[in-house]
Amino acid sequence: MTTITAPTVTRESVDRRIKLFNATCAGVLIAFAVIWLVPIAWAVDTSIKPNSETTNPTWAIQDPTLESYRTLLSQGSIWNWYASSFITSTLTAAATVLTGSMAAFALSRMRFRFRWLIFWFVLIGIMIPQQALIVAQFREFAALQLLNTYWAVVLPQVPAAIAVFIFKQFFDGVPRDLDEAARVDGAGFFRTYWRVVMPLSRPVVAAVAIFTFVWSWNNLLWPLLVMTNPKLMTIPVGLATVQGTYGIRYADTMASAILGALPLVLLFLFFQRRIVEGIAGTGLKG
Amino acid sequence: MTVTTAPDRPVTGETPLPPDTAESPGHTRPALLMMAPFLVLYLLFVIGPTLYMFLMSLFDTSLVRPGLGSFAGLRNYTEALGDAAFWASMWHTLWFTILTTPPLVILAFLLALMADRVRRGRWFFRLAFFLPYILPSAVVALIWMWMYTPELGLLSRMVTALGFAEPSWLGDPDLAMWSLALTTVWWTLGFNFVLYLAGLQDIPRELYEAASMDGAGPVQQVRRITVPMLSRTTSLVVVLQVIASLKVFDQMYIMTSGGPNFSTRPALEYIYDVSFTDFRVGYASAVSTLFFLLILAVSTVWVVLTRRQEERL
Chain D
1 MTTITAPTVT RESVDRRIKL FNATCAGVLI AFAVIWLVPI AWAVDTSIKP
51 NSETTNPTWA IQDPTLESYR TLLSQGSIWN WYASSFITST LTAAATVLTG
101 SMAAFALSRM RFRFRWLIFW FVLIGIMIPQ QALIVAQFRE FAALQLLNTY
151 WAVVLPQVPA AIAVFIFKQF FDGVPRDLDE AARVDGAGFF RTYWRVVMPL
201 SRPVVAAVAI FTFVWSWNNL LWPLLVMTNP KLMTIPVGLA TVQGTYGIRY
251 ADTMASAILG ALPLVLLFLF FQRRIVEGIA GTGLKG
Chain S
1 MTVTTAPDRP VTGETPLPPD TAESPGHTRP ALLMMAPFLV LYLLFVIGPT
51 LYMFLMSLFD TSLVRPGLGS FAGLRNYTEA LGDAAFWASM WHTLWFTILT
101 TPPLVILAFL LALMADRVRR GRWFFRLAFF LPYILPSAVV ALIWMWMYTP
151 ELGLLSRMVT ALGFAEPSWL GDPDLAMWSL ALTTVWWTLG FNFVLYLAGL
201 QDIPRELYEA ASMDGAGPVQ QVRRITVPML SRTTSLVVVL QVIASLKVFD
251 QMYIMTSGGP NFSTRPALEY IYDVSFTDFR VGYASAVSTL FFLLILAVST
301 VWVVLTRRQE ERL
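So the protein sequences, as listed, match chains D and S.
Residue numbers for the first sequence follow our numbering, so the first one is 1 and each next one is one higher.
Residue numbers for the second sequence follow our numbering, so the first one is 1 and each next one is one higher.
Just so you know, these hints were derived from the structure itself, not from any lab.
No residue lacks a Cβ here, since even glycine has one placed at the ideal position from N, Cα and C.
Among the clues, some could well be false.
Selected chain D positions facing chain S (in silico; Cβ < 7 Å) [to be verified]: (1) K19; (2) F112; (3) M127; (4) A142; (5) W151; (6) L155; (7) P156; (8) P159; (9) I162; (10) L200; (11) L221.
Simulated crosslink set (SDA-like; lysine to any residue; CA at most 25 Å straight-line) [said to hold, decoys possible]: (12) K247/S / L221/D; (13) K231/D / E140/D; (14) K247/S / W120/D; (15) K19/D / V298/S; (16) K231/D / Y69/D; (17) K231/D / W120/D; (18) K231/D / F276/S; (19) K19/D / E206/S; (20) K247/S / T101/S; (21) K19/D / L110/S; (22) K19/D / Q201/S; (23) K231/D / L91/D; (24) K19/D / K247/S; (25) K247/S / L99/S; (26) K19/D / L99/S; (27) K247/S / V298/S; (28) K247/S / M127/D; (29) K247/S / L236/S; (30) K247/S / V214/D; (31) K19/D / V118/S.
Model the full assembly from the supplied sequences, consistent with the hints where possible.
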């Protein structure tokens, strides 16, 4: 390949500039990353101080202690909250993946009347702010007598239009030859969906499952309304309702914050790569 | 500029499907069956409540009385539009969106751009920026209320150590919204960062190599290659961010309860207050409907703009 270089800009000088640029990037990034980690580090630092020492204005800790964690874990209510959060988030994620992918499969692979109408009808759901529906949903669940049950938290979160949209985007890109072949071999639609298309869709299934789980775990407003029984509260609701009760015991408060975040942090560390891969595969990036 | 399709999604070699108007024999029943679980839940818990909300907005519905109450016509709407508290909450929502969207888009882009150029330790940056995003809002609120605590909080100490008077982060009506915006940028930047990072990975490396052979410096490469190649990602990030910022609630609810003096009360908290403290559900439904129309308008503008952008490409 022949390259025409302007006399003042040589290949070497450009390379040098790019090296310098990349080094600057690394420096700026590290600075930002450190700033971003400071609040979390500060919370951890505070949580392992004795309550009496939290007013001491340094990072240094005289007697590091896990006392705050011990107190919280022995009180018991946090275990109930963990259980509630795990049950509701797992059910929500599983049901969202299953119902959303089935609907998306039909919209992507099957031909029937009013297909586009139904697709647009589902898309409107992305624009409806769920938070604006709380009163209507609250009355509905009161009438169904489902307040203070896990169903009240799970059911409204399952029909997530965004999940159908993401699955359809992905299925549209899966080569049709494969499932056509399965159809020719006599497999029904459901079998084709379950045995052929879903196994090919692992990255997007993982991404939708993880994000649904995280959003459900972190949802505050709706569970706050429908879970008034302290035994059934999810982690965010429990934390929001007790934060006042610790008064100035900052170490206890920070320990409760860290315990509330811990399961999701572990989930994230475990699936870090999947999350980015999943987003890259979903078409969410545009 | 051409639109690149993701390499993992080949679309060639497909048998073309029959046109949409033609109903393939035997598809309708199984299709409806497969969509049924989603559609039933969707009608029951999304579309149903939306229609019920429209209906309640026309009545003097109360939270503490069953049924719809007496018919009010459009009175709830005219009352909302004439109420200063309604307009104040709409303005706070808008102001919060203005404060948070530019940093959450531009900073996320710059950080992803830099992370994409760094060869080693990308996992560390992903961890640092994305970690706050997965924290529950209650946890974020607890950590930042501690950071903002007068005299003891980390930020207060840093400011006083630099010799400034200590600001009242959440207590000063002029400053409270900025403090909440700062918390939000720290908390949610990671999602946009990951979206940008995924978009950047799709840009072929050869483009940069060719550009540098032609003598283009790093800044030119970013301006001429990266920014245009990411235009679709950017339009998506912007609209998701605007909608997310308009829907803000959690931070205010826990950190300031809309105070001081209602200076940080966003639209959703106004709806919440009117419903659950004043029990005026009919009026709250009218406000919800107006708010829904606002989000619908924003989404429509985005669809029109991106259509036009795609036509140009």
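Hint check:
1. Violation of the interface hint for K19/D is found here, the shortest Cβ-Cβ separation to chain S being roughly 9 Å, above the 7 Å cut-off.
2. This hint holds: F112/D has a C-beta 4 Å from the nearest C-beta of chain S, less than the 7 Å allowed.
3. Against a cut-off of 7 Å between C-beta atoms, the interface hint on M127/D holds, since the closest Cβ of chain S lies about 5 Å away.
4. Below 7 Å, beta-carbon pairs count as interface contacts, and A142/D has none with chain S, the closest being about 9 Å; its hint is therefore violated.
5. Taking 7 Å as the C-beta contact cut-off toward chain S, the hint placing W151/D at the interface is violated, the least distance being around 11 Å.
6. For L155/D, the suggested interface contact is upheld, since its CB lies about 6 Å from the closest CB of chain S, less than 7 Å.
7. The beta carbon of P156/D comes within 4 Å of a beta carbon in chain S, closer than 7 Å, and the hint placing it at the interface holds.
8. This hint holds: P159/D has a C-beta 4 Å from the nearest C-beta of chain S, less than the 7 Å allowed.
9. Among the interface hints, the one on I162/D is violated; its C-beta lies about 10 Å from the nearest C-beta in chain S, farther than the 7 Å criterion.
10. Taking 7 Å as the C-beta cut-off, the interface hint given for L200/D is violated, the closest approach to chain S being about 11 Å.
11. With its C-beta approaching chain S no nearer than about 6 Å, L221/D sits inside the 7 Å limit, and its interface hint holds.
12. With a CA separation close to 12 Å, the supplied pair K247/S and L221/D stays within the 25 Å bound.
13. A hinted pair counts as satisfied when its Cα atoms are at most 25 Å apart, and K231/D with E140/D qualifies at roughly 23 Å.
14. Annotation: proposed proximity of K247/S to W120/D holds, straight-line Cα distance about 22 Å (limit 25 Å).
15. As the CA atoms of K19/D and V298/S are separated by approximately 42 Å, the hinted pair breaks the 25 Å bound.
16. Under the criterion of a C-alpha separation no larger than 25 Å, the hint pairing K231/D with Y69/D is consistent with the structure, at around 20 Å.
17. Pair hint K231/D plus W120/D does not hold up; C-alpha atoms about 40 Å apart against a cutoff of 25 Å.
18. Proximity of K231/D to F276/S is assessed by CA-CA distance (about 22 Å); at most 25 Å being required, the pair is judged to hold.
19. Restraint check: the Cα-Cα separation between K19/D and E206/S comes to about 17 Å, which is no more than 25 Å; the hinted pair holds.
20. Restraint check for K247/S and T101/S: the C-alpha separation of about 13 Å stays at or below 25 Å, so the hint holds.
21. Distance hint between K19/D and L110/S is fulfilled; the C-alpha atoms sit about 18 Å from each other, no more than 25 Å.
22. For the hint linking K19/D to Q201/S, the alpha-carbon distance of about 20 Å falls within 25 Å, and the restraint holds.
23. About 18 Å separates the Cα atoms of K231/D and L91/D, which keeps this hinted pair within 25 Å; it holds.
24. Between K19/D and K247/S, the direct Cα distance comes to roughly 42 Å. Violation of the 25 Å bound is thereby established for this hinted pair.
25. With a CA separation close to 14 Å, the supplied pair K247/S and L99/S stays within the 25 Å bound.
26. Distance restraint check for K19/D and L99/S: the Cα-Cα separation of roughly 35 Å exceeds the 25 Å cut-off, and the hinted pair is therefore not satisfied.
27. Taking the CA atoms of K247/S and V298/S, the gap is about 12 Å. The hint holds against a cut of 25 Å.
28. Between the alpha carbons of K247/S and M127/D the distance comes to roughly 11 Å, so the proposed pair stays at or under 25 Å and holds.
29. At most 25 Å may separate the alpha-carbon atoms for a hinted pair to count; K247/S and L236/S meet this at roughly 17 Å.
30. At roughly 18 Å between alpha-carbon atoms, K247/S and V214/D fall within 25 Å of each other, so this suggested pair holds.
31. About 10 Å separates the Cα atoms of K19/D and V118/S, which keeps this hinted pair within 25 Å; it holds.
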